[in-house]
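Residue numbers (the numbering used here), protein chains in the order written: chain F, 6 to 199; chain Z, 5 to 120.
Accuracy of the hints is not assured; some may be wrong.
[Said to hold, decoys possible] Here are the computed lysine to any residue pairs in the SDA-like style, where the Cα-Cα straight-line distance is at most 25 angstroms:
1. Lys93(Z) with Lys48(F)
2. Lys93(Z) with Glu111(Z)
3. Lys93(Z) with Val63(F)
4. Lys93(Z) with Gly62(F)
5. Lys48(F) with Gln85(F)
6. Lys93(Z) with Glu51(F)
7. Lys93(Z) with Thr54(F)
8. Lys93(Z) with Pro178(F)
9. Lys93(Z) with Pro177(F)
10. Lys93(Z) with Val45(F)
11. Lys93(Z) with Gly90(F)
12. Lys93(Z) with Ser108(F)
13. Lys93(Z) with Asn127(F)
14. Lys93(Z) with Gly115(F)
15. Lys93(Z) with Asn47(F)
16. Lys93(Z) with Arg64(F)
For the record, the hints were derived by calculation from the structure and aren't laboratory data.
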Amino acid sequence: MNTRWIFIFEVLLTFIPGIMSAQEDSVIPGNRIAEQVSAVINKRDEAYTYSYTVSNGVRAEQSIWQFRLILPESVQVSNQEAPNGWRGHGGPYGDRIGWGSPSDADVSPGSSLGGFSFTTTNSLPAIVPYYAEGYAPAPTFEEGMAEDSIPGYTDLTPYGPGVVGKTVGPIPPPLVIHCCEFSRHPHILQASMR
Amino acid sequence: MSLKITVLPISGGAKRDVVAKGAWGCVYGFGWSKDVGCVRLDSDCHMSLICGGPFDTENNWNTPHQTHREGINADIDDVDANGRRIPPKELRDWVTNDPFSGAFLNERNHYHVTFR
Chain F
6 MNTRWIFIFE
16 VLLTFIPGIM
26 SAQEDSVIPG
36 NRIAEQVSAV
46 INKRDEAYTY
56 SYTVSNGVRA
66 EQSIWQFRLI
76 LPESVQVSNQ
86 EAPNGWRGHG
96 GPYGDRIGWG
106 SPSDADVSPG
116 SSLGGFSFTT
126 TNSLPAIVPY
136 YAEGYAPAPT
146 FEEGMAEDSI
156 PGYTDLTPYG
166 PGVVGKTVGP
176 IPPPLVIHCC
186 EFSRHPHILQ
196 ASMR
Chain Z
5 MSLKITVLPI
15 SGGAKRDVVA
25 KGAWGCVYGF
35 GWSKDVGCVR
45 LDSDCHMSLI
55 CGGPFDTENN
65 WNTPHQTHRE
75 GINADIDDVD
85 ANGRRIPPKE
95 LRDWVTNDPF
105 SGAFLNERNH
115 YHVTFR
């Protein structure tokens, strides 16, 4: 084989993998976390206070900088509190009550953070989805090159490029209680077993 | 807090800055949520028409603002109405937590937000 072609072939072998990996790394999803969410619920009169602790495993590659609960829109939330360095997001109605770390107070790998809490009055504890996101730099695109759908960034979960799990949170009480739905309401289930 | 929305020309020309502030005020197709603190789409207006609009600053319907004609894409600057430069992570935290926001992208001299 011509030595010139061998040289070109070797150059391609050297640079193509690097170029391809650079493209793959341009979008880093926020799912490289090892999150665990624990919830404590305190009932006082008709109000429930939900307090969450978010932990990140030692094998996580990213720190957790976003934590949200996906709730029914009719859930009324009040007294939302956030840990130091975090701020709460969400209006008087649940839907997406969340917390974000705008500085460097993330939940780093191997650590836990409590202090995510809020109160509801028109709900009962149930199983609800949560969303957690690891911090990764925002993907960089040239002007006008970004598509509406970016693989690895917009298609991982309905809520963002992070992770969706299950925890305990508020949902409106059922108008009519069916026995088949008891399992969705730990509070009712517990009461019914007494 | 309010954000200055920068309308970038396609090539040349003066950059137009629009300061969006006030609760749910609609400026150039943006609604502004004072409580949430970030730009969001108002259901009564669009960021851009299908064949151009406020973002088509040179009126030639050319790219790169093609994606801005679907009413779900916006370019935002990282300077608030008081001239304070908002740290990238703080800005992204505001935008990410808007109920309608989706992707948050860095387009080098500004940020590009896609709303759901």
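Now for the hints, and whether the structure bears them out:
1. Lys93(Z) with Lys48(F): violated, 36 angstroms
2. Lys93(Z) with Glu111(Z): Answer holds: lysine 93(Z) to glutamate 111(Z) is near 15 angstroms, not above 25 angstroms.
3. Lys93(Z) with Val63(F): holds, 23 angstroms
4. Lys93(Z) with Gly62(F): holds, 23 angstroms
5. Lys48(F) with Gln85(F): holds, 16 angstroms
6. Lys93(Z) with Glu51(F): violated, 38 angstroms
7. Lys93(Z) with Thr54(F): It is violated: about 29 angstroms lies between the C-alpha atoms, which goes past 25 angstroms.
8. Lys93(Z) with Pro178(F): Between lysine 93(Z) and proline 178(F) the Cα gap is close to 38 angstroms, so the pair fails against 25 angstroms, i.e. violated.
9. Lys93(Z) with Pro177(F): violated, 34 angstroms
10. Lys93(Z) with Val45(F): violated, 29 angstroms
11. Lys93(Z) with Gly90(F): Given that 25 angstroms is the threshold and the Cα spacing comes to 12 angstroms, the pair holds.
12. Lys93(Z) with Ser108(F): holds, 7 angstroms
13. Lys93(Z) with Asn127(F): Not satisfied, since the Cα-Cα distance of roughly 34 angstroms exceeds 25 angstroms.
14. Lys93(Z) with Gly115(F): holds, 22 angstroms
15. Lys93(Z) with Asn47(F): violated, 33 angstroms
16. Lys93(Z) with Arg64(F): holds, 24 angstroms
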